[in-house]
Amino acid sequence: MENQEETQEEVPIKIVRTTSAFDCGGRCPLRVHVEDGKITRIETDDYEVKEEQLRACLRCRALRQYVYHPKRLKYPLKRDGPKGSGKFKRISWDEALSEVAEKLKEVKEKHGNSSIFLATGGGYQAAFHDGMLAMMRLFTQFGGYSTHYGNVSSEGAVYATQTMYKSPFVGNSREDLLNSKLIIMWGWDPARMISGTDTIFNLIKAKEKGIKIVCIDPRYTDSAAVLAHQWIPIIPGTDVAMMAAMAYVIIKENLHDQEFLDKYTVGFDKFKSYVMGDEDDSPKTPEWAESITSVPAKIITDLALEYGKTKPAALMDCQGPARSAVGELYNRAAITLTAMTGNIGVHGGSAAGGLMGIPYGHMFFRAGIPPPKRNPVEEGLKSVRGSLDLRLRLQARCHINKMFDAILKGKDGGYPFDVKFAYFVNNNFLNQLGNANKSAEALKKLDYMVIADLWLTPTARYADIILPVASIAEKSDLTRPWPSGPYFTIANKAIEPLGECKSDIRIAEELADKLGIDDFEKYPDEDKALKFMLKMTEDTRKEVKNFRKFKDDGIHRIKFDEPYVAFKKQIEDPENNPIGTPSGKIEIFSQRIADLNNPENPAIPKYMERWEGRYDPLSKKYPLQLMSPHPKSRIHSEMFLVEWLREVDPHIAWINPIDAESRGIKDGDEILVFNDRGKLTIKAWLTERIIPGAISIFEGAWYEPDENGIDRGGCVNTLTKDAYSPGGASALKSCLVEMKLFDGGA
Amino acid sequence: MEVPKLQVGFYFDQTRCIGCSACAVACKDWHDIPAGPEKWMTILYNEKGKIPDLFVSYLIRPCYHCEDPVCIPVCPVEAITKREEDGIVLVDSEKCIGKDECKSKCLKACPYDAPQFGPEKGAKMKKCSYCLDRHLEGKLPICVESCRTHALDVGNLEELKGKYGDIKEADNFVYSERTKPAIIFKPKKKI
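The listed protein sequences derive, respectively, from chains A and B. Our numbering numbers the first residue of the first sequence as 1 and each following residue consecutively. Our numbering numbers the first residue of the second sequence as 1 and each following residue consecutively.
Among the clues, some could well be false.
Keeping only pairs whose Cα atoms sit at most 20 Å apart, straight-line, the calculated EDC-like set for lysine to aspartate or glutamate is [said to hold, decoys possible]:
no.: 1; chain 1: B; residue 1: 186; chain 2: A; residue 2: 500
no.: 2; chain 1: A; residue 1: 50; chain 2: B; residue 2: 13
no.: 3; chain 1: B; residue 1: 126; chain 2: A; residue 2: 647
no.: 4; chain 1: A; residue 1: 298; chain 2: B; residue 2: 53
no.: 5; chain 1: B; residue 1: 50; chain 2: A; residue 2: 208
no.: 6; chain 1: B; residue 1: 163; chain 2: A; residue 2: 500
no.: 7; chain 1: A; residue 1: 89; chain 2: A; residue 2: 500
no.: 8; chain 1: A; residue 1: 50; chain 2: B; residue 2: 153
no.: 9; chain 1: B; residue 1: 139; chain 2: A; residue 2: 52
Calculated from the structure, these hints are not laboratory results.
Please put together the full structure from these sequences, using the hints given.
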């Protein structure tokens, strides 16, 4: 064997330093081996300081199988069967784009620009080749389009941080966790969903330093298994009750930092009066919370005392529990606790708020070149700037989690438009928004649909035209960490686009030609564009001086003198750095919310049940709360087909043995999980790692309805609801279901 | 068999492993192994206790390149060898007569299921080579470099013992006195 190798002609290996553009939670340097124009292997960061290497997770270790997967789309496709049948035939780009252009012109003429709908998602997190910005620009120049408001992931946390801080930058550098004396991880599993490439390793270092870590979660997550000195299982959706009871204990024991509250916050007195029961004769005692959360009162009391006395302490909430009908209240209550204990703006503390981003190298900063102009369809509407009134956001748009309801019902359903043409880019929304069966129904009814994607996703199955998109390995682009840094990354093109795949910006250019939009400014070539974009945003302009070096290294690391801490300036020098809210302070009570006069949206954070929680009367019929956490082996539904990932992370439902036994379900059984919205099948995994009364199915498995309408792919959104909280959180985790042994269908 | 001049081995910090399987996927990529039963690196899972007092552990399962590899003497065609210079246990897959012909004698002998076979009939044995290609270039095995929590280390076993101590036990692991697997641990215990 060795002899054979020696006689073979040496093919030089080119190492391309690049990264991914996935919506994944990290952003990791990759060294892609390219031989003879093909990727042969993947390595990760080789930074000389090993402890600070930003090592890629299993997803990007499988990037090669993703790029070359036999099911990657390589040619434009035209529907060749009923919608949803998955039957397509290959056509040329010219045919595809001519047809799309004709359809666009026809819809514009017959129904007006508001009937053109653009559905954009987070599937491509890089600056230049971003199809969302490209299509926004194209459709704007075509006379305008309708679209959606909000995102699926973080809207609860965004609403909470906008309410209380008026800033999404609530995170600290991850190494600052090592300055903490107590870390409370509340509904947060960075071992799986990453939350910044360096996060889990810093948490491990914190544990090894002797810092106590408490995990509060309905599941004993992989993070809890490695980090937690104490795991506190809690009934999903009841977090705010426990937080209120912790506040009760802290106030009762006079452990709250009144000086901090007086100086930096408004409305604590109102929150206090709620917590102590002055306003409703119901003090939010640990015993009260025990009856709701199932967490023993003593555990709540002890944790509250510990949190109140230990300085500094980091209460780390996340976005998961906020994807519910009570979403923003969870983040608002967490922020309130961090304010009560004076842990904001100090090393080792946490401002909470769930978004965890720092304003250096943050993914929020990206702008297309040329940037899209104002959408004519939304011209003349009342400004939404600074407002917490969702109704303003919905003047011309639908909520993201109501997208398919809007497509289905249009103006008759109270939406601002009737969709006749939809263009999907960077998303697999049928799979990833609530109520997949309804979404499928909407797409069947939709007149005309185009999708640009790498895969024939469950959403793409309903398209009239599918346009194949090049992967990140096939283009150069600017990328940013998601959302912790501080560093910038660059994707360097490793290989030529597969088949006839194109970048979304080139698709937009060619479509502009077909539409006869003569003044559609063409995109510059990659290097020129990336250089320009680095100069365009302030942080990169300041940091990245040498483009060639950045390109060669694939990463630019930023060194701070000390870890970044959110709101440090605002706390150290509030006179000159007020919080951005109308009061200039952290708003525990929000006048902007009070003015909305919506009892469902309280002006202070309160425990509320809303719907499809443990105590909803519907739980008599559907007694299990469905959790849909992030999977570890794919990015939402992206990479689902990659076999290397599937085999290390089989798609299974976490079920407590108590719930399984009462239904005669054994480990490994195929079960039917169902409610009024749909049915899916999945393998049962019996584990003590989930609280009884809940079932957990990782999101992102592909929807695959059989002839009886049973989703055999186990897509969790077959069961979830297409609804949102008063703050705009996609309420996918407020979902009740029942399960039973699967009898084979029919 | 001669005693190797040097014995390489693994150090596994079980308290750090999050069970993510990045090492297993990186291994498949580096050695170009298709998805399927042939796995040079596996992560074993163990769960004990009742809610809320739980214990969960993960364990790496490559080939432990035993000091006394029992796979070697059972192989009818002497396809398995132990390198004198570093103790790496290698299989010559060309020599191997396939899993059906000898009824997978090596796999039956190995207490750790290190010998691996593809799904095809008559599949030849393959297994973790300690990334010999990388080792010869002075690089670490791909699993070590891929570990996001730095739970893995490799090197001269004696040096590893000096650095990390000589702990042969870990949760979900039984040390075989017969084969002497070349791995030491920081075992996971209940905290």
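Taking the hints in turn, this is what the structure says about them:
1. Between residue 186 of chain B and residue 500 of chain A the alpha-carbon distance is near 51 Å, which puts this suggested pair outside the 20 Å criterion.
2. Restraint check: the Cα-Cα separation between residue 50 of chain A and residue 13 of chain B comes to about 16 Å, which is no more than 20 Å; the hinted pair holds.
3. Note on residue 126 of chain B and residue 647 of chain A: the hinted pairing holds, with a Cα-Cα distance of about 19 Å set against a maximum of 20 Å.
4. A hinted pair counts as satisfied when its Cα atoms are at most 20 Å apart, and residue 298 of chain A with residue 53 of chain B qualifies at roughly 16 Å.
5. Between residue 50 of chain B and residue 208 of chain A, the direct Cα distance comes to roughly 25 Å. Violation of the 20 Å bound is thereby established for this hinted pair.
6. Between residue 163 of chain B and residue 500 of chain A the CA atoms are separated by roughly 54 Å; this puts the pair beyond 20 Å, and the hint is violated.
7. For the suggested pair residue 89 of chain A and residue 500 of chain A, the alpha carbons sit about 15 Å apart, so the restraint of at most 20 Å is met.
8. For the given pair, residue 50 of chain A sits about 12 Å from residue 153 of chain B by alpha-carbon distance, which is consistent with the 20 Å threshold.
9. Among the hinted pairs, residue 139 of chain B with residue 52 of chain A is consistent with the structure: their alpha-carbon atoms are about 19 Å apart, no more than 20 Å.
Consistency with the previously given hints fails for numbers 1, 5 and 6, ordered from lowest to highest.
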